[in-house]
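Residue numbers (the working numbering), protein chains in the order written: chain R, 48 to 190; chain P, 34 to 478.
Quick caveat, the hints were computed from the structure, so don't treat them as lab data.
Every residue, glycine too, gets a C-beta built ideally from N, C-alpha and C.
A couple of the hints might just be wrong.
What the hints assert, rightly or not - Short, incomplete list of chain R residues facing chain P, as computed with Cβ under 7 angstroms: (1) 82; (2) 84; (3) 156; (4) 157.
Unchecked claim - Okay, the calculated bits of chain R under chain P, using three or more residues with CB under 8 angstroms as the criterion: (5) 87-95; (6) 107-117; (7) 125-131.
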Amino acid sequence: MKIPQISIFVANRPGRLQTICKSLADANINLLSLTLADSGEFGLVRLIVSHPEKAVTVLESSGLAAAITDVIACEVDAGLGGLAKLLATPAGQLQIDYMYAYPMQHEKNYAIMIFRFKDPDAAIDALRKAGAKVLSRKDLLGD
Amino acid sequence: MKQTYWNDLNGNFFPEMALDFMPAEKLREVQLQRLQAIVKLAFDKVPLFRSRMDEKGLTPHDIKTLGDIRKLPFSMKKDLRDTYPYGLFAVDMKDVVRLHASSGTTGKPIVVGYTQQDMDVWAEVIKRGLLATGFRRNDIVQNCYGYGLFTGGLGVHGGLEALGATVIPISGGNTERQIMVMKDFEVTAIAGTPSYFVHIIDVAEKMGIDFKDLKIKRGLFGAEPWSDGMRQYIEEKTGIKAYDVYGLSEIIGPGVGCECECQNGIHIFEDHFYPEIIDPETLEPLPDGEEGELVITTLSKQAMPTIRYRTRDLTTIETTKCECGRTIRRIRRIGRRTDDMFIIRGVNIFPSQIETALLRAEKALPHYQIVLDNQGSMDTLEIKVEISRDMVSDSIGAMENITKRLKHSVEQILGVSVTITLCEPGVIPRSEGKAKRVLDNRPKT
Chain R
48 MKIPQISIFV ANRPGRLQTI CKSLADANIN LLSLTLADSG EFGLVRLIVS
98 HPEKAVTVLE SSGLAAAITD VIACEVDAGL GGLAKLLATP AGQLQIDYMY
148 AYPMQHEKNY AIMIFRFKDP DAAIDALRKA GAKVLSRKDL LGD
Chain P
34 MKQTYWNDLN GNFFPEMALD FMPAEKLREV QLQRLQAIVK LAFDKVPLFR
84 SRMDEKGLTP HDIKTLGDIR KLPFSMKKDL RDTYPYGLFA VDMKDVVRLH
134 ASSGTTGKPI VVGYTQQDMD VWAEVIKRGL LATGFRRNDI VQNCYGYGLF
184 TGGLGVHGGL EALGATVIPI SGGNTERQIM VMKDFEVTAI AGTPSYFVHI
234 IDVAEKMGID FKDLKIKRGL FGAEPWSDGM RQYIEEKTGI KAYDVYGLSE
284 IIGPGVGCEC ECQNGIHIFE DHFYPEIIDP ETLEPLPDGE EGELVITTLS
334 KQAMPTIRYR TRDLTTIETT KCECGRTIRR IRRIGRRTDD MFIIRGVNIF
384 PSQIETALLR AEKALPHYQI VLDNQGSMDT LEIKVEISRD MVSDSIGAME
434 NITKRLKHSV EQILGVSVTI TLCEPGVIPR SEGKAKRVLD NRPKT
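Whole structure, please, built from the sequences with the hints as guidance.
Next comes the structure, spelled out in structure tokens:
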């Protein structure tokens, strides 16, 4: 149920994001989500893509350093207070450490959030027990 | 026939290596005879040497013992520039069969010449080094040293031919082709600069090639100082044995000295190259075991006899005997050159110290470059470090910790504050010859 997320180290200089997007597009790799984290000195681009392993190879041949980490995709009720409700479940009470989160997709009735937990397996367990819908790679790709 | 003598670890005997095991008294005798002859040659044929001898009131007859070498004047790189191109040659050009030149980073290059006898000696000493590091005639050797005016390529080539190994004269560059050749030609050994071989390791990794699947067993590396950490990195990454060969163009090129299989310092082929250690400040000779500048006298070189040449390399002559049994003395591997040293805020720093610190913090050898600059009245020291795949994390905090770890490790060794800048892969220029580690942007005063 874990989803591979790609992290790419980028120097703070113009055109880096474009290089990343173009090399993935040229290789027919679909971007499902993208988020930027920044330290002032350098940045990290985090991506969810259709073909993670291939993406790492493509990015490396474009001269970028990239690594894969496991994250969790979770369906969240798009109604008022949906995310608050999810975080109030035992997942939060079990004090599972989450490091960052970002939205990936938003439909009328639901949204998909990406969570990076310190212990993804325990988090999946806790979320499931709380009745949350944890999505697989297949679910995300829509087939 | 029953074999009584052996001089390699597998119980074989190589007559060419016997010179390395000569009894010490016999060696000193050979050295004195050759020293007397070379001083006479230089005195008779090289005006600069003659005038320096005259200044000191010396003639070749004053050299009665090996210890008398201390009376002789020093020579240095500047002499080669001042007498450019042929001013230090001691033979007619008709007897010079080869010229090499060093890249002139400041103005004119320096030119060195060889007679046929010099070429034979050069091939002989490299062959002795190759044998000492386990190279044999059935080896298929990829020679990645640059061919051309640089002494590395053709020098090592000559030694490999003398050994009878199969030489692949591939020179430097085109790294993907190097790796294809290494694999397809079933290369068993390699020669080149250590920094270029590290680059080959990187590229091979990207190409998905595992050194365990290759036949390569050993490498002879030199032409630039490299740390023990870098050796460990090369050996662990590839499973080959990495040996250090020492030399400089002004003396003969690679082959002035070489490690043996004990990897315990560089044996100087002192029947041809007489080593001394001096204090670089007072120029006084230092006893074996003390660190100072290495000074070499060529004992047999005909085209360009060089007396008491100051190499700028800092080392010590080892006092203990090497386990291999060689009687020729050995020096500690060169980590530091007085030329490479730079001064930041009054502190003397060698690039090798920074390399050691980076390795200690990361357990891998990142590509790095040292950038010196000046802001206001303050010199700054920045170390650019390339991020590799293994170093990338999804967490900003973890990436910032890399910077912190590197900074702490370097500052602990150097005692001055430094800035660490993480860079994307490939932004630091790769060298196919000697690595350029230091970029000094400070205004010249």
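Right, here's what the structure says about each hint:
1. With a least beta-carbon distance of about 10 angstroms to chain P, the hint placing residue 82 of chain R at the interface is violated under the 7 angstroms criterion.
2. Hint on residue 84 of chain R holds. Least Cβ distance to chain P is approximately 5 angstroms, under the 7 angstroms limit.
3. Restraint check, residue 156 of chain R versus chain P: the minimum CB separation of about 30 angstroms is more than 7 angstroms; hint violated.
4. Taken as an interface hint, residue 157 of chain R does not check out: its beta carbon lies about 25 angstroms from the nearest beta carbon of chain P, beyond 7 angstroms.
5. Using a Cβ-Cβ cut-off of 8 angstroms, 4 residues of the segment 87-95 of chain R lie near chain P, which meets the minimum of three, so the contact claim holds.
6. Judged by the Cβ-Cβ criterion of 8 angstroms, the segment 107-117 of chain R is covered by chain P as claimed, because 8 of its residues qualify and three suffice.
7. Counting residues of the segment 125-131 of chain R whose CB falls under 8 angstroms from any CB of chain P gives 0; the rule of at least 3 is not met.
Of the hints listed earlier, those the structure fails to meet are numbers 1, 3, 4, 7, in rising order.
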